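Going down the list, the protein sequences come from chains A and B. Taking the numbering used here, the leading residue of the first sequence gets 2, the next gets one more, and so forth. Taking the numbering used here, the leading residue of the second sequence gets 3, the next gets one more, and so forth.
Derived from the structure by calculation, the hints contain no laboratory data. Possibly wrong hints are sitting among the right ones.
[What the hints assert, rightly or not] Coverage of chain A stretches by chain B, computed from C-beta distances (three or more under 8 Å per stretch; other residues unrestricted):
| id | segment |
| --- | --- |
| 1 | 107 to 120 |
| 2 | 158 to 165 |
| 3 | 168 to 176 |
| 4 | 180 to 191 |
| 5 | 314 to 327 |
Fair warning: this is a prediction, and the values are worked out from it, not measured in the lab. All C-beta atoms in this analysis are idealised placements derived from N, C-alpha and C, irrespective of residue type, glycine included.
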Amino acid sequence: MSVVETSGAVAIDRAALLDMYERMTQIRVFEDLAGKNFAAGLVPGFVHLYAGEEAVAVGVCSQLTDNDFITSTHRGHGHCIAKGVDIAGMVAELMGKSTGICKGKGGSMHIADVEKGMLGANGIVGGGIPLACGAALTAKTLGTGGVAVCFFGDGAANQGTFHEGLNLAAIWNLPVVFVCENNGYAESTPVRYHCSASDIANRASAYEIPGVVVDGLDVFAVYEAASEAIARARRGDGPSLLEAKTYRFYGHFQGDQVTYRTSDELETFKKRDPIIALRAAIVARGLATDADFNAIDTRVHQLLDDAWIAAKAAAFPAPEEALTDVYVTY
Amino acid sequence: MVVETATRTMTYQQAITEALRIAMHEDPTVILLGEDIAGGAMVDHLINDDAWGGPMGVTKGLVQEFGRNRILDTPITEAGFIGAAVGAATTGLRPVAELMFVDFFGCCMDQIYDQGAKFRYMFGGKAKCPVTIRTQIGAGMSAAGQHSGCHYSVFTHMPGIKCVIPSTPADAKGLLLSAIRDDDLVMFFENKVLYGTKGEVPEGNEGIPLGVADIKREGADVTVVAISRMVNQALAAAQTLADEGIDVEIVDPRTLSPLDDKTILTSVAKTHRLVIVDEDNPRCSMATDIAAMVADRGFDTLDAPIKLVTAPHTPVPFSPPLEQFYVPSPERIADAVRQIA
Chain A
2 MSVVETSGAV AIDRAALLDM YERMTQIRVF EDLAGKNFAA GLVPGFVHLY
52 AGEEAVAVGV CSQLTDNDFI TSTHRGHGHC IAKGVDIAGM VAELMGKSTG
102 ICKGKGGSMH IADVEKGMLG ANGIVGGGIP LACGAALTAK TLGTGGVAVC
152 FFGDGAANQG TFHEGLNLAA IWNLPVVFVC ENNGYAESTP VRYHCSASDI
202 ANRASAYEIP GVVVDGLDVF AVYEAASEAI ARARRGDGPS LLEAKTYRFY
252 GHFQGDQVTY RTSDELETFK KRDPIIALRA AIVARGLATD ADFNAIDTRV
302 HQLLDDAWIA AKAAAFPAPE EALTDVYVTY
Chain B
3 MVVETATRTM TYQQAITEAL RIAMHEDPTV ILLGEDIAGG AMVDHLINDD
53 AWGGPMGVTK GLVQEFGRNR ILDTPITEAG FIGAAVGAAT TGLRPVAELM
103 FVDFFGCCMD QIYDQGAKFR YMFGGKAKCP VTIRTQIGAG MSAAGQHSGC
153 HYSVFTHMPG IKCVIPSTPA DAKGLLLSAI RDDDLVMFFE NKVLYGTKGE
203 VPEGNEGIPL GVADIKREGA DVTVVAISRM VNQALAAAQT LADEGIDVEI
253 VDPRTLSPLD DKTILTSVAK THRLVIVDED NPRCSMATDI AAMVADRGFD
303 TLDAPIKLVT APHTPVPFSP PLEQFYVPSP ERIADAVRQI A
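Work out the full structure, taking the sequences as your base and the hints as a guide.
Now the structure itself:
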């Protein structure tokens with residue numbers, strides 16, 4: 002196992018850096034508005050927000066194409082946006098509208114777009130891990146050159162599917178990258194209680210695949226480690242496990258009173274906000290100005306504001322729609 | 003005009019193997035995966051040969067023909083490989099996974115019913131999951147409590163899963179071809195006691211449509227709906243009853259989801275009497291489900307109470323006399339028919 006320090010040494014050009022900043026900002030604004038509109042009663046059901054973890058989804062997915070597949074989690078909005086799923090369709094899906102990306106049948110926890118290589122947020126902790134192995138098996142069998150990236154949380158590392166999936170990927174040498182987003186808590190339970198390993202990446206050694214810990218608040222560190230793991234998978238050299246140590250700025254779900262962590266702890270992590278850090282790194286290198294960032298921020302807010310206006314105006318599905326899409330025929 | 007199709011006598015097991023071979027030839031995206039389906043993976047002298055071909059030999063010979071890249075031995079890791087089959091199906095392959103015994107569904111049910119079966123619906127019709135899961139059911143071999151169950155009612159209960167359950171070699175071939183070609187998740191239930199039974203099987207690539215029942219014996223007096231091996235038990239009972247002057251009609255649903263309720267209702271409308279024979283446990287079962295459907299939609303055509311002949315509500319016992327007591331027998335079926343004939 003190796004630990005990748007924040008090096009900033011990886012070569013990413015200006016356009017790509019600004020694109021990463023824009024994607025991360027899209028996720029942040031998406032989540033802030035989702036939280037606000039959930040509180041206002043506009044979003045039915047359960048909502049789990051990804052704010053704070055943006056560097057992981059964007060650091061990884063910015064290196065993928067539509068030919069690559071990802072599986073996601075209940076905290077999946079960030080993965081969807083990073084993989085290119087239509088944001089207006091996502092907002093409408095949160096509201097259960099007919100214009101939603103899943104026609105209102107999935108909701109926050111089941112947003113998917115197979116055409117974009119996004120195999121679904123997933124309401125089952127650890128549920129996506131075998132599925133990612135299957136997507137990688139498809140890529141290997143058909144020789145598509147694609148890889149599968151499997152996002153899951155620290156809680157999922159204790160599910161049987163984690164161990165079954167890593168073993169299967171290892172023995173079949175599948176082009177899959179397992180990305181554990183360790184945000185410190187499985188729902189309300191701290192990782193130091195629920196997990197026997199001080200680093201979940203250590204568990205890679207049991208399957209004799211590479212295991213790497215990265216600072217999940219540092220998009221450069223994530224990018225660098227993911228770059229190596231994705232290249233390894235594309236070369237046909239098999240799976241890797243990345244553990245990104247990250248943090249969620251909101252609770253497990255909206256409505257969570259978050260009594261299990263201190264406000265000091267939250268403030269400590271907010272001082273390391275991955276979006277502010279990326280912006281500072283870009284500025285420090287003289288690659289963009291405040292005006293450039295303000296233009297991006299304005300564009301993102303406009304996109305999200307328009308998406309909410311459109312979603313609010315859109316129709317709910319007709320009740321009979323509940324009876325469609327369950328089988329090909331029948 | 004009736005087109006005569008040439009047939010051969012073959013076993014239920016051989017018919018399944020033939021369907022797998024045809025499906026793999028016609029579609030390069032069809033792969034098979036499961037525990038020991040070839041067997042002996044990475045053993046030097048078995049690189050292009052199989053050790054087992056599955057525990058019952060159903061997949062024997064396929065690895066020589068299609069190679070180990072398409073016939074994948076898996077670890078004993080049901081959640082892992084059933085989930086991988088579901089993920090592969092959603093991304094461009096057409097996998098046929100073998101869940102060695104249906105009793106093992108507890109190890110992988112999330113991947114079946116919460117993932118594969120729900121994708122199409124939850125994703126607004128934009129995903130498909132063309133995976134077939136073959137699995138063994140049934141008592142009769144003293145395989146005891148964890149290797150003898152039926153449990154098809156569990157899967158039939160869940161939307162998004164198609165449930166296919168052949169009783170004859172010809173049905174096994176035709177239905178398996180349709181199951182593999184289908185774009186939904188299909189559970190394909192093979193009764194282990196039927197593997198050695200023989201019948202006429204058509205040549206060629208023709209599938210049997212899912213959701214179409216078959217009348218295995220025409221009769222005028224009592225309709226018997228029988229599932230899987232129970233078709234044979236019902237045929238034996240019908241023979242006895244014919245000598246007593248009772249003419250039984252036997253309806254084999256062949257698929258439980260979708261269920262061909264029209265054929266069942268039409269038969270009951272003719273005979274006005276219904277017995278349902280089901281080897282599964284009786285609570286929340288296919289027997290109660292079909293009985294409820296007929297009571298709801300065919301009550302006016304009934305001249306007698308509906309009778310159910312099922313296994314008892316126990317796990318499957320080991321000892322042969324206990325197991326024989328457990329499985330509905332031709333005698334019990336005949337008794338039920340006599341009560342309402």
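| Outcome, coverage hint (the segment 107 to 120 of chain A, chain B; C-beta under 8 Å; three residues) | Per the Cβ count (7), the hint holds.
| request: Examine the segment 314 to 327 of chain A for residues whose CB is less than 8 Å from any CB of chain B, and state whether their number is three or more. | output: holds (count 3)
| request: Tell me if chain B covers the segment 168 to 176 of chain A under the three-residue, 8 Å CB rule, please? | output: Result for this restraint: holds, n = 4.
| field | Verdict on chain B covering the segment 180 to 191 of chain A, where coverage means 3 or more residues with a C-beta closer than 8 Å | value | Three-residue rule not met by the segment 180 to 191 of chain A, so violated; n is 0.
| Okay, the segment 158 to 165 of chain A and chain B, do three or more residues pass the C-beta test at under 8 Å? | holds (count 3)
Hint 4 from the earlier list is the only one contradicted by this structure; the remaining hints agree with it.
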